[in-house]
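Q: Read off the chains here:
2 protein chains.
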Amino acid sequence: MKHQTAAILVIGNEILSGRTREANAHLAAKQLFKRGCKLAEIAIVPDIEARIVTTLNRLRADFDAVITSGGIGPTHDDITMDSIAFAFGKELIEHRYIVQEMAEHYGEDGLNDGRRRMARVPEGASLIRCQKTIAPGVQIGNVYVLAGVPDIFASQLEAILGDFGGRSFQRREIEVDMAESSFAASLDRIQVQFPDVEIGSYPSHCGNRPHGKICLNSKNGDALLKAVQAVQTMLAKLHAES
Amino acid sequence: MKHQTAAILVIGNEILSGRTREANAHLAAKQLFKRGCKLAEIAIVPDIEARIVTTLNRLRADFDAVITSGGIGPTHDDITMDSIAFAFGKELIEHRYIVQEMAEHYGEDGLNDGRRRMARVPEGASLIRCQKTIAPGVQIGNVYVLAGVPDIFASQLEAILGDFGGRSFQRREIEVDMAESSFAASLDRIQVQFPDVEIGSYPSHCGNRPHGKICLNSKNGDALLKAVQAVQTMLAKLHAES
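If you read the protein sequences in the order shown, they are chains A and B.
Every position in the first sequence, counted from 1, becomes a number in my numbering once 268 is added.
Every position in the second sequence, counted from 1, becomes a number in my numbering once 268 is added.
Some clues are possibly wrong.
Identical chains share a label here; the pair holds if one copy fits it or two copies do between them.
Unchecked claim - Within a straight-line C-alpha distance of at most 30 Å, the following computed DSSO-like cross-link-like pairs (lysine-lysine) qualify:
| hint | residue 1 | residue 2 |
| --- | --- | --- |
| 1 | Lys400 | Lys481 |
| 2 | Lys481 | Lys298 |
| 3 | Lys302 | Lys358 |
Think of the hints as simulated: they come from the structure by calculation, not from any bench.
My request is simple: use the sequences and hints to build the entire structure.
A: Written as structure tokens, this is what we have:
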């Protein structure tokens with residue numbers, strides 16, 4: 269059974285201090301949408317074990333799966349593996365196969381404490397491998413632990429996406445050149461008429477020349493088509509009246 | 269007393285479906301950091317009242333203040349004001365002054381249901397005004413409710429930033445051209461030595477030519493300077509040895 273709902277937990281002080289603009293959650297959001305998996309929450313917390321553990325335990329209880337990003341490197345602020353192990357009540361163990369691979373790649377001299385730190389995984393976890401790095405991500409229960417470095421995250425995400433999804437969402441967008449307030453009531457009635465379709469209205473700026481988009485998402489292609497037609501008819505009618 | 273810690277609650281299906289890359293939380297993160305307010309969490313939830321209420325109540329209990337972004341427009345999916353009122357056990361009332369201003373600006377004919385919807389505020393809330401729009405944000409208790417449209421959010425944020433902060437954080441970054449694993453243990457010792465300084469290591473890519481940055485944040489300028497010197501000395505020593 270594939271995961272129908274997911275949450276993303278981003279771990280990193282660099283996002284919260286404004287140093288770095290978060291990118292991994294946005295990539296995952298796009299990929300999950302494409303696969304028909306509903307992304308239900310994104311949470312961004314600092315490199316503090318208690319905060320990671322509490323947030324992870326809440327998210328993994330509430331949703332089918334959790335994808336984490338960040339904190340699995342070699343430095344002291346990389347505490348995600350420790351936190352995940354704690355959350356699951358597991359020991360963190362050095363993975364022999366990874367250590368051996370590191371020794372082969374870097375030589376025995378290159379196998380320092382930092383690299384060994386990246387070979388530690390929660391007991392019972394399975395490895396998520398990718399071409400970009402020897403240091404693995406892991407899956408334990410319904411939690412997927414990925415790297416924060418964007419190209420490694422992207423590569424590891426690719427490796428796990430097969431576990432997520434179902435019937436695909438489809439999206440249609442309709443350009444609008446009138447103020448949201450002028451069609452809000454009509455759009456509300458269309459939303460009530462099509463409960464299977466998620467309808468959103470997104471003004472791109474406010475001012476004298478209103479402009480925006482109405483966005484419709486659904487897993488039901490038939491309902492989506494009818495809702496799009498209803499919106500188009502509604503807009504044409506309002507235009508004719510104005 | 270200014271808010272020393274804050275959380276940001278972003279409300280919007282468009283972020284979770286990957287349609288839109290979140291921008292407001294990143295702007296707020298940068299501004300709060302500049303003012304010395306610790307951003308403790310960013311949460312992104314869908315346009316679902318129960319989810320907004322639960323998340324808001326958790327965040328406003330845990331941190332000095334919460335800034336929300338999104339869901340205060342005129343359409344059916346704009347349910348943030350309703351959710352905030354519910355979370356505080358308040359009625360949502362039409363604000364006479366805002367309605368009057370809208371009537372003056374748009375004319376009595378232009379004062380449709382959508383616009384009136386944007387004049388609804390939780391009872392007892394104070395208004396957050398900005399130059400970009402008549403529709404206000406609000407402050408109620410320790411919660412600041414701002415728009416999702418980026419230029420309106422930015423303008424409203426400007427209006428409330430005076431409530432946040434304290435002694436400023438300072439940040440220093442040091443370029444590194446060696447693998448994280450080679451300095452991880454030494455950096456850990458420096459972190460232990462300088463508990464007032466938040467030290468992070470961020471590789472920009474992995475591969476044959478390691479490159480990255482060590483980032484140091486602190487409110488204590490003296491400790492920051494000493495920690496920076498310790499990192500530079502440590503790196504020079506490792507270079508000399510390699």
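Q: It remains to establish, for every hint, whether it holds in the given structure.
A: Structure-based check of all given hints:
Taking the closest pair of Cα atoms, Lys400 and Lys481 come within 30 Å of each other only across two copies (19 Å); inside a single copy the shortest separation is 38 Å, beyond that limit. Proximity of Lys481 to Lys298 under the C-alpha cut-off of 30 Å is found in both arrangements, the shortest distances being 18 Å within a copy and 29 Å between copies. In this assembly of identical chains, Lys302 and Lys358 lie within 30 Å of each other by CA distance neither inside one copy nor across copies; the values are 34 Å within and 39 Å between.
Hint 3 alone, counting from the list given before, is not met by this structure.
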